[in-house]
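Colleague: Now for the letters of each chain:
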Amino acid sequence: MCGVCGIVSYGGPPDLALLRRMMGRLAHRGPDGNGYYRDRRAALGHTRLAIIDTSGGAQPLCNEDGTVWVTFNGEIFNYVELGEELRNCGHSFRTASDTEVIVHAWEEWGKECFSRFNGQWAIALWDRRAERLVLSRDRLGVRPLFFARVSTGLLFASEVKSIFADPSVERAFDPVGLDQTLTYWSPVAPRTVFRGIEQLEPGHYAVLDRDGFRKAPYWRITFPERGREPMQDVRENVDALRERIIEATRLRFVRSDVPVGAYLSGGLDSSVTAAVIAHYTSVPLHTFSLRFSDGEFDEGQYQKKMSALLGTEHQDIMVNPSDIAAVFPEAVRHTETPILRAAPAPLFLLSKLVRENGYKVVVTGEGADEVLAGYDIFREARVRLFWSRDPESAKRARAAELLYPWMARSPGQVPAFARSFFGRHLDPGDPALSHRPRWDSTSVIKSMLSGGLRDRISRAETEDVVAAMPPGSEDWDPLSRGQWLEMTTLLAGYILASQGDRMLMANSVEGRFPFLDRDVVDFADALPARHKLFGLEEKYLLKRAFADLVPKEIIQRPKQPYRAPDAASFFAEDRPAWFDELMSKRAIAAAGVFEPSAVAGLMAKGRRTGGENMSNTDNMRVLAIVSTQLTYETFIAEGGSGELDQALPDPSVAVDLVTDDRSVQ
Amino acid sequence: MNPEIIEQAFRDYGALRRTDTDPELEAVRAAILLEDLLEVTLPDAGIDPAVLADASAVAALVARLWRGV
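Taken in sequence, the protein lines are chains A and B. Heads up: the first sequence at position 475 corresponds to 475 in the working numbering, and the numbers run straight through without jumps. Heads up: the second sequence at position 44 corresponds to 709 in the working numbering, and the numbers run straight through without jumps.
Here chain A stands alone, though its shape is the one from the complex (with noise of 0.2 Å):
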């Protein structure tokens, strides 16, 4: 896992200087080595967290001849059977690295090579006869990869705040980047938060070249329709997913040449793949999780549990709300987007014990919830469907006390509750039935915005997630569409980034997906729907594959997602003196996008009951402004700290064809 960052010139010759100072601003995510390469026309960078080959494996690379040079993000876990058929082929290596897989893939297989890695990456090739950049990100958008198109030429980074770099680059909120943040919690790429700053779409490569720039799928999220699924027996199925998910599993945790370790959270996902990894690999297993002292979002017991069971070597961090206040501007400056939630900043404390425990590498669960089927939002979809078939049955309102045990503890609130929530725009011809509630309530943040950037949201051109929807869609089982809407907006864009990559690198830890596996992905995503959620037992093929190393209490417990205390962080006595001056009157006015009197009241509220008990959407708002706000001051205002330049140690690669030619044979 590293850190990659590039220029491309359309003049002279790109700056030496600026491609360091990008690369300076990576160097959370490389620590142990750094290296560039420039010719007249590109330059690539790179800050490398050594993990396969770490004595070979430093980047920029090339190929036999120089002619083609990669900076690489992430890793190709199928990288040795590939150089094996690519060996094959002719090609001959210098190292036993992923990296120089990805140079010999392109020249032997072209773009057709990113169908064939089975990994989490963010790739820049350059080839110097063509002159040609090609741009490429994984699957679903594990390894993030921006890209700002100047006037004069083309700058790419793994993190906004290295393309920030160039004191050219506009400095500014994108009006719809904010929309689709205060809508789907994240900007749905290629969107940003800032203005002309682009994120290349998971599953897409990019060409950038005489013949201009240019992007292409090299793979989408489909399914089958509905009743025309391939595999219909669940025996079979069981074991097909189990065989994946193992060798999924196995995989990242063997292909690595420093000790891998893994997270525990209590719940199903991260339990089946540490038991995997105690089961079918020899290497003794340390794990890691979070924990939290206020009991409603605590999952030690399970932890203990777990880890008892597979005999891990196992440690936890406690997290308290006044410690997420005071990391959340550090979290900022990571995830460079606003967040709607608190829960990125545990992870921060995680990912912190990780590295200092020594570990670089985690394996979790993450995924497993879009790709089989395990949030709410899915079980709430099926009662709203089931619902929309006749509104005015009693029977079928009484569906919304299945999803919630609170819900059958208070009988008496569940009608106007369920009513008011669930029963919103009960179309059943809507391809976004699934998300219409989480859409709504989010949206009401909207309300607080400032009349400026509501002028400039209306204005503008939106983009409907909905209408982009593929065709053939409509085919689909429901729950087939809502996993299509969770992948493309939530997974990609808070899941992996902000809760993701970014909570991870902050500290130089990689994440390791086996849910995210391409086979388990292509697999799950083949299979009936209600292979995956039975009636409203969500993740029912995964609770019967791993009944046997995952212990009942474990299966059964209702699905918790994770949280952490959001607005109770920010209002408690102890709260850090940053919080107020950043949501003063005038800071909110300077930054724009709220209204001042707004804020003030909602600010009013949170002193008054310490955020305790506030509702979700006002927990939302308190998280949305003050994550606007840090974004706004770290790296829009003037002076903003996230763009702090770091000395890197000399470069392992130091290619500088501008001033010697001879520097590559």
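In case anyone wonders, no lab produced these hints; they're calculated from the structure. Honestly, I wouldn't trust all of these hints.
[What the hints assert, rightly or not] Per the computed footprint, the stretches of chain B lying under chain A, defined by three or more beta-carbons under 8 Å from a beta-carbon of chain A, are: (1) 676–689; (2) 695–702.
[What the hints assert, rightly or not] Estimated spans, in silico, between C-beta atoms of each pair: (3) B/731 <-> A/553: 20 to 26 Å; (4) B/721 <-> A/428: 43 to 49 Å; (5) A/225 <-> B/689: 33 to 39 Å; (6) B/704 <-> A/295: 39 to 45 Å; (7) A/447 <-> B/731: 25 to 31 Å; (8) A/296 <-> B/709: 35 to 41 Å; (9) A/552 <-> B/704: 31 to 37 Å; (10) B/688 <-> A/578: 52 to 58 Å; (11) B/715 <-> A/236: 32 to 38 Å; (12) B/689 <-> A/281: 44 to 50 Å; (13) A/440 <-> B/673: 37 to 43 Å; (14) A/428 <-> B/684: 27 to 33 Å; (15) A/604 <-> B/715: 54 to 60 Å; (16) A/608 <-> B/681: 51 to 57 Å.
[As the list claims (entries may be wrong)] A few chain A positions that, by computed beta-carbon distances, are all more than 12 Å from chain B: (17) 91; (18) 395; (19) 456.
We put the beta carbon where it would ideally sit given N, CA and C, even for glycine.
Keeping the supplied structure of chain A fixed, place chain B upon it in accordance with the hints.
Modeller: Frame of chain A, contents of chain B only:
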């Protein structure tokens, strides 16, 4: 849908059936599964513990629904 698959699904559901919840609510849970599996809409009278409690009653109900009776 293949009848064998439907039978298998009912057997699987039987293994998940909860006995500690309100029987009427459990009938709603069964109805959600049934409607999803068979792409039918049950009448309110069919969302009933007596109708959805055993496989033969469910089979009779489904047969009636498929015949449009």
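Colleague: For every hint, state whether the structure bears it out.
Modeller: Evaluation of the provided hints:
no. : hint                        : result
1   : 676–689                     : holds (count 6)
2   : 695–702                     : holds (count 7)
3   : B/731 <-> A/553: 20 to 26 Å : 40 Å, violated
4   : B/721 <-> A/428: 43 to 49 Å : 30 Å, violated
5   : A/225 <-> B/689: 33 to 39 Å : 35 Å, holds
6   : B/704 <-> A/295: 39 to 45 Å : 43 Å, holds
7   : A/447 <-> B/731: 25 to 31 Å : 49 Å, violated
8   : A/296 <-> B/709: 35 to 41 Å : 37 Å, holds
9   : A/552 <-> B/704: 31 to 37 Å : 32 Å, holds
10  : B/688 <-> A/578: 52 to 58 Å : 56 Å, holds
11  : B/715 <-> A/236: 32 to 38 Å : 35 Å, holds
12  : B/689 <-> A/281: 44 to 50 Å : 48 Å, holds
13  : A/440 <-> B/673: 37 to 43 Å : 38 Å, holds
14  : A/428 <-> B/684: 27 to 33 Å : 32 Å, holds
15  : A/604 <-> B/715: 54 to 60 Å : 55 Å, holds
16  : A/608 <-> B/681: 51 to 57 Å : 46 Å, violated
17  : 91                          : 48 Å, holds
18  : 395                         : 5 Å, violated
19  : 456                         : 43 Å, holds
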